[in-house]
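**Student:** In our numbering, the protein residues as written are 1 to 301.
Hints should not be assumed to be uniformly reliable.
Calculated lysine-lysine pairs in the DSS-like style (CA-CA distance at most 25 Å, straight line) [stated by the list, open to error]:
| id | residue 1 | residue 2 |
| --- | --- | --- |
| 1 | Lys-137 | Lys-8 |
| 2 | Lys-106 | Lys-137 |
| 3 | Lys-122 | Lys-33 |
| 4 | Lys-122 | Lys-264 |
| 5 | Lys-89 | Lys-295 |
| 6 | Lys-137 | Lys-291 |
| 7 | Lys-291 | Lys-21 |
| 8 | Lys-122 | Lys-137 |
| 9 | Lys-295 | Lys-273 |
| 10 | Lys-8 | Lys-33 |
| 11 | Lys-295 | Lys-21 |
| 12 | Lys-273 | Lys-8 |
Beta-carbon label-pair distances, calculated as ranges [to be verified]:
| id | residue 1 | residue 2 | range |
| --- | --- | --- | --- |
| 13 | Ser-159 | Gly-78 | 52 to 58 Å |
| 14 | Asp-254 | Glu-27 | 31 to 37 Å |
| 15 | Gly-37 | His-13 | 29 to 35 Å |
Quick caveat, the hints were computed from the structure, so don't treat them as lab data. Bear in mind that the values here come from a model prediction, so they are computed numbers and not experimental data. Built from N, CA and C at the ideal position, the CB exists for glycine as well.
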Amino acid sequence: MASLLSCKRVVVHTLSTDVRKATHIVEVGSTPKVHPGTTVVKNYYVGINTTDINITNGAYTSEPPLSVVIQVGEGVTGVNFNDVVAYRKLGAFAEYVEVEATALVKVLEPTPAVLPLIQLAKLAGNHMTGTYSTDEKVAYLQSLGCDRVITYIKEDVASVLKREYPNGLNLVFESVGGDLLRVAVDNIALHGHIISFGCISAYYKGDPATSSSGGNKENECLVSELVPKLLFRPVSLQSFMSGHFREHYLRHMDTLIDLVNTNKLVAGVDPAKFKGLEQIPDAINYMYAHKNVGKIVIQLG
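Construct the complete structure from the given sequences, taking the supplied hints into account.
**Tutor:** Put into structure tokens, the structure is as follows:
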């Protein structure tokens with residue numbers, strides 16, 4: 001298939017956590033050229049993450065897009081023209097992207113419901129506790145099977161955990177950092193595990209100049225504070241970055257998509273509609289204003 005004209009992509013021109021100021025949309029003369037072992041895909045949906053502002057500030061990669069294969073390179077097997085696929089690749093905020101065929105995961109249809117993948121704790125038979133900000137969001141978590149939702153703008157998270165879980169929590173997935181990381185460390189059970197996979201409180205505080213510290217010294221949870229808390233207890237605090245586990249990515253993505261397709265896992269997509277690369281900054285600002293209930297996606301196709 002010949003290259004198509006008018007391919008747009010988002011390009012970072014200035015490192016900043018302000019996505020609107022950091023990026024612009026450029027139009028290149030054609031879609032990417034397919035090479036042996038690769039495919040060219042047309043993106044239909046891309047997901048928005050809190051860490052996208054780290055990408056524009058020079059950090060790392062983002063949420064898998066949902067795409068359709070439009071070109072297949074020499075030597076590619078198992079992937080065909082017009083297959084619906086998900087993949088992970090830096091630079092996916094574009095209409096068309098060249099992707100290694102081995103990085104593609106097939107899905108049934110181009111719907112954003114296969115992007116946000118949740119409820120795994122309940123599927124594994126665990127009692128699940130979560131934190132959220134508004135009653136609407138609490139109802140959403142409860143609809144997904146969350147056993148206890150702590151409304152952190154109305155309740156003190158630390159007090160609730162001490163009262164309702166006096167023996168502590170066995171496993172905590174923590175992505176906010178700051179005060180919530182401190183609460184997690186203070187309430188982890190003996191032999192418990194804290195998995196830290198983000199630090200949203202330090203990403204953006206309205207002023208990009210303060211993004212490295214979050215602009216709020218009182219909200220920091222310092223190593224000098226954590227070490228004494230962890231030193232004399234058999235607990236673990238471990239960081240997680242999926243890029244270090246690439247060899248497992250396709251296998252687990254296949255499993256998750258199968259759970260969605262068989263209705264064992266319900267994926268929630270925020271009802272707000274964003275369309276086109278031009279609305280990516282709007283979507284990110286919407287998320288940081290705490291307005292979303294579910295995964296934010298941008299429709300491109």
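**Student:** For every hint, state whether the structure bears it out.
**Tutor:** Consistency of the hints with the structure:
no. : hint                          : verdict
1   : Lys-137 to Lys-8              : violated, 35 Å
2   : Lys-106 to Lys-137            : violated, 31 Å
3   : Lys-122 to Lys-33             : violated, 44 Å
4   : Lys-122 to Lys-264            : holds, 10 Å
5   : Lys-89 to Lys-295             : holds, 19 Å
6   : Lys-137 to Lys-291            : holds, 10 Å
7   : Lys-291 to Lys-21             : holds, 22 Å
8   : Lys-122 to Lys-137            : holds, 18 Å
9   : Lys-295 to Lys-273            : holds, 11 Å
10  : Lys-8 to Lys-33               : holds, 14 Å
11  : Lys-295 to Lys-21             : holds, 24 Å
12  : Lys-273 to Lys-8              : holds, 20 Å
13  : Ser-159 to Gly-78: 52 to 58 Å : holds, 53 Å
14  : Asp-254 to Glu-27: 31 to 37 Å : holds, 35 Å
15  : Gly-37 to His-13: 29 to 35 Å  : holds, 31 Å
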